[in-house]
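Work the whole structure out from these sequences, hints included.
Here is what each chain is made of, one letter per residue.
There are 2 protein chains.
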Amino acid sequence: MDAATAVQADGAQVLRMLRGAVAQRGLGQLADKLAEAERYAASDLAACAEDFARVRVDEAGPVGPSANHLVSLGGKRLRPLCVALSARTGSGFGAAGRHVAVAAEFVHSATLLHDDVVDVGDSRRGAPTARVVYGNAASIFAGDWLLVAALRHVRMAGLPGLFDSLLGTLEAMIGAESLQLHSRGNLAADRATYLRIADGKTASLFAWCCAGGARAGGADDAQAAALGAYGQKLGLAFQLVDDVLDYGGRPEETGKALFTDLREGKPTFPLLVALERRPQLVRLLEPLLHGEDVPGLHADVATQVVESGALEETRRFAAEQAEGAIAQLSILNDSAARTALETLAYAVVHRFA
Amino acid sequence: MDAATAVQADGAQVLRMLRGAVAQRGLGQLADKLAEAERYAASDLAACAEDFARVRVDEAGPVGPSANHLVSLGGKRLRPLCVALSARTGSGFGAAGRHVAVAAEFVHSATLLHDDVVDVGDSRRGAPTARVVYGNAASIFAGDWLLVAALRHVRMAGLPGLFDSLLGTLEAMIGAESLQLHSRGNLAADRATYLRIADGKTASLFAWCCAGGARAGGADDAQAAALGAYGQKLGLAFQLVDDVLDYGGRPEETGKALFTDLREGKPTFPLLVALERRPQLVRLLEPLLHGEDVPGLHADVATQVVESGALEETRRFAAEQAEGAIAQLSILNDSAARTALETLAYAVVHRFA
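Chains U and P, in that order, are what the protein sequence lines are. According to my numbering, the first sequence is numbered sequentially starting from 1. According to my numbering, the second sequence is numbered sequentially starting from 1.
It is worth saying that the hints were derived from the structure and are not from the lab. Note that the structure is predicted; figures quoted are calculated from it, not measured. One thing to keep in mind: the hints can contain errors.
Have a look at the derived ranges for each label pair, beta carbon to beta carbon [stated by the list, open to error]:
| hint | chain 1 | residue 1 | chain 2 | residue 2 | range |
| --- | --- | --- | --- | --- | --- |
| 1 | P | Pro287 | U | Gly296 | 43 to 51 Å |
| 2 | P | Asp58 | U | Gly185 | 18 to 26 Å |
| 3 | P | Gly309 | U | Gly161 | 54 to 62 Å |
| 4 | U | Gly161 | P | Pro160 | 34 to 42 Å |
| 5 | U | Leu289 | P | Gly296 | 17 to 25 Å |
| 6 | U | Ser91 | P | Ala336 | 38 to 46 Å |
| 7 | P | Ala60 | U | Asp164 | 53 to 61 Å |
| 8 | U | Pro287 | P | Gly94 | 55 to 63 Å |
| 9 | P | Gly168 | U | Ser91 | 27 to 35 Å |
| 10 | P | Pro287 | U | Leu167 | 43 to 51 Å |
| 11 | U | Ser91 | P | Arg155 | 25 to 33 Å |
| 12 | U | Pro287 | P | Pro279 | 53 to 61 Å |
| 13 | U | Asp164 | P | Glu320 | 39 to 47 Å |
| 14 | P | Arg191 | U | Val294 | 32 to 40 Å |
Just some of the chain P residues that point at chain U, by a computed CB distance under 10 Å [said to hold, decoys possible]:
| hint | residue |
| --- | --- |
| 15 | Asn136 |
| 16 | Trp145 |
| 17 | Leu151 |
| 18 | Arg184 |
| 19 | Ile331 |
To give a feel for the contact side, a few chain U residues facing chain P, derived at Cβ under 10 Å [as the list claims (entries may be wrong)]:
| hint | residue |
| --- | --- |
| 20 | Glu59 |
| 21 | Ala60 |
| 22 | Asp115 |
| 23 | Ala137 |
| 24 | Arg155 |
| 25 | Leu159 |
| 26 | Leu170 |
| 27 | Ile174 |
| 28 | Ile197 |
Ideal Cβ placement from N, Cα and C applies to all residues, glycine included.
Here it is, written out as structure tokens:
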């Protein structure tokens, strides 16, 4: 399979996977719409394939291979998809849009490379992390490299305002990482703090993708703002479901071990809800906060979280975000791309990986 | 001492220190010229003090303090000084120049924060590293933050071409880090490889500082190119002397432990020269390359390097670079700033810290 085909498959992959998930749950109509969106995704993301396959550092050494390792593993390519669909609500997904899409994926990849060093992550996308294969140093510098490559692509897109808004997004992302470090192991972290972290860490980049895609498709200020707000809410929904999957996902589908967030002491929405409902859960968590390794404890905590109904509440909250995201699209003309964005919002809530 | 005073002191510090060093060596005339340059440095770097003191991340947590920890320790502020003096060879050091100077210092600080994680560095500028005080995660994200802050300042400078040339500089720096990782522990690394690493890692940012300062002072293409070439050679001279100080510096002056590069298996110029002159030195180095800790071995290697005359050859090569740097300035009109840049090039070679 050559690089273009690999990425084409990646592009459709998230939607095919989502389609499988909703079909299993008897949501036939949603599945049909996703099939339609898949056709977009396949062609648009194939257009980015060459850039994804061409992460090349001028000098020898492990930094280029380290960046390539992560980018070529594919992942869901959800951010480029958001750029492409947003651009298609306007005049279409052309050269400027592709630069925005590639930049978004590179920024996301850069954060993963740094996160995996920070969190001592061993596996991602079902493969050993770049950190494990090429070392921490290569992983840090590869993240730096992808960030610079992303900035290059935004420059090439040449869309007014987009560069500075990306700097603002990066500031929001790093601020959120800071707040997350601050809140690590803090069981008293409240919903407001959680939302600030999720908004900065995850939603801000989705918002930039959708607003940037809109600009690439010739949107006016109001349309770009609406798509930006869609992206912000979609991103929050995505993060909430990510939190759920930490307790209830299937590692063979998510490519991530269970209880990773829990192990790292990160406040997640299901845990906050479970603690609200079952305050005595604090006592069970105490050893985790002191870094003690009690066999079976993560599974015990997860059982309590599940039994408290926190996962359902989290999915419900995510569904509200998705509804809110879709409501933002009302100012746009009807189009297949708008329908695809609506479908994507539902699908993000129903995903299992 | 308030922040402005602290940075004012920093600004003059490198030159005062250099002046002390050259006075001790009987270079009285050079010392007088440095005193003149000090007056510039004090006022120009005081102008950047507010920005240095205002590294603030929007959210709580250790990322802002981690960035501040490093930036507020001061260091030599050599890069902002290069920007200021280069701008002063033209119309002067104004608002645009200050943005370039602050950006340069932030980029340099960002690389140090990431390097200290990569190299597990414990002490820098005579204090524990941010990594030690705030953790690896905060140090990585603080580096990311300072990089974004640097980009913001270059945007604010509003000088055509400067932003893209900084991206090119960042690419050169990361490429050099990759090559350095590739060459780690490779005793057969040749001079060409060493020069590629030093050019990318160190000289490229000095070149950007001087060309950027020139642009801020209204230089034309030829003047900016000449100052860029000056910076490139000055940076290489600086790196060569840095290598010498790893063998012969006084830790209480350099703020760095001896033999750090040697311990990290980094190819340095004196070691390359010593190996050319004493091939049997390879055998002594073998245990170091296998990570073995043989008591006294670093000191033994250092003795051999010193006895081989490699430090003198390295200083001589650095002096050639400084001469080459100064030759680049010939197209500029005579000015106190040009004299200060000439003096700075000599001083970099004669420094002991």
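How the hints compare with the structure:
1. P:Pro287 <-> U:Gly296: 43 to 51 Å: holds, 45 Å
2. P:Asp58 <-> U:Gly185: 18 to 26 Å: Roughly 22 Å apart at Cβ, these two residues keep to the hinted range, so it holds.
3. P:Gly309 <-> U:Gly161: 54 to 62 Å: holds, 59 Å
4. U:Gly161 <-> P:Pro160: 34 to 42 Å: For Pro160 of chain P against Gly161 of chain U, whose Cβ atoms are near 18 Å apart, the range 34 to 42 Å is violated.
5. U:Leu289 <-> P:Gly296: 17 to 25 Å: violated, 44 Å
6. U:Ser91 <-> P:Ala336: 38 to 46 Å: At 56 Å between Cβs, range violated.
7. P:Ala60 <-> U:Asp164: 53 to 61 Å: violated, 25 Å
8. U:Pro287 <-> P:Gly94: 55 to 63 Å: The hint (55 to 63 Å, Cβ to Cβ) holds, given that Pro287 of chain U and Gly94 of chain P are roughly 59 Å apart.
9. P:Gly168 <-> U:Ser91: 27 to 35 Å: 32 Å Cβ-Cβ, so the 27 to 35 Å window holds.
10. P:Pro287 <-> U:Leu167: 43 to 51 Å: 47 Å Cβ-Cβ, so the 43 to 51 Å window holds.
11. U:Ser91 <-> P:Arg155: 25 to 33 Å: Between Ser91 of chain U and Arg155 of chain P, where Cβ atoms are some 28 Å apart, the hint holds.
12. U:Pro287 <-> P:Pro279: 53 to 61 Å: holds, 58 Å
13. U:Asp164 <-> P:Glu320: 39 to 47 Å: Holds, since Asp164 of chain U and Glu320 of chain P (Cβ atoms, about 43 Å apart) stay within the stated range.
14. P:Arg191 <-> U:Val294: 32 to 40 Å: Taking Cβ atoms as reference, Arg191 of chain P and Val294 of chain U lie about 56 Å apart, which means the hint is violated.
15. Asn136: holds, 7 Å
16. Trp145: For Trp145 of chain P, the interface hint holds, since the closest Cβ of chain U sits about 5 Å away, which is under 10 Å.
17. Leu151: holds, 6 Å
18. Arg184: With Cβ-Cβ at 9 Å, under 10 Å, it holds.
19. Ile331: violated, 30 Å
20. Glu59: holds, 4 Å
21. Ala60: With Cβ-Cβ at 5 Å, under 10 Å, it holds.
22. Asp115: Nearest chain P Cβ about 9 Å off; hint holds.
23. Ala137: holds, 4 Å
24. Arg155: holds, 7 Å
25. Leu159: Given a least distance of 15 Å, the restraint on Leu159 of chain U is violated.
26. Leu170: At about 5 Å, which falls below the 10 Å cut-off, the nearest Cβ of chain P leaves the hint on Leu170 of chain U intact, so it holds.
27. Ile174: holds, 5 Å
28. Ile197: holds, 8 Å
Checked against the numbered hints above, the structure breaks hints 4, 5, 6, 7, 14, 19 and 25 and satisfies the rest.
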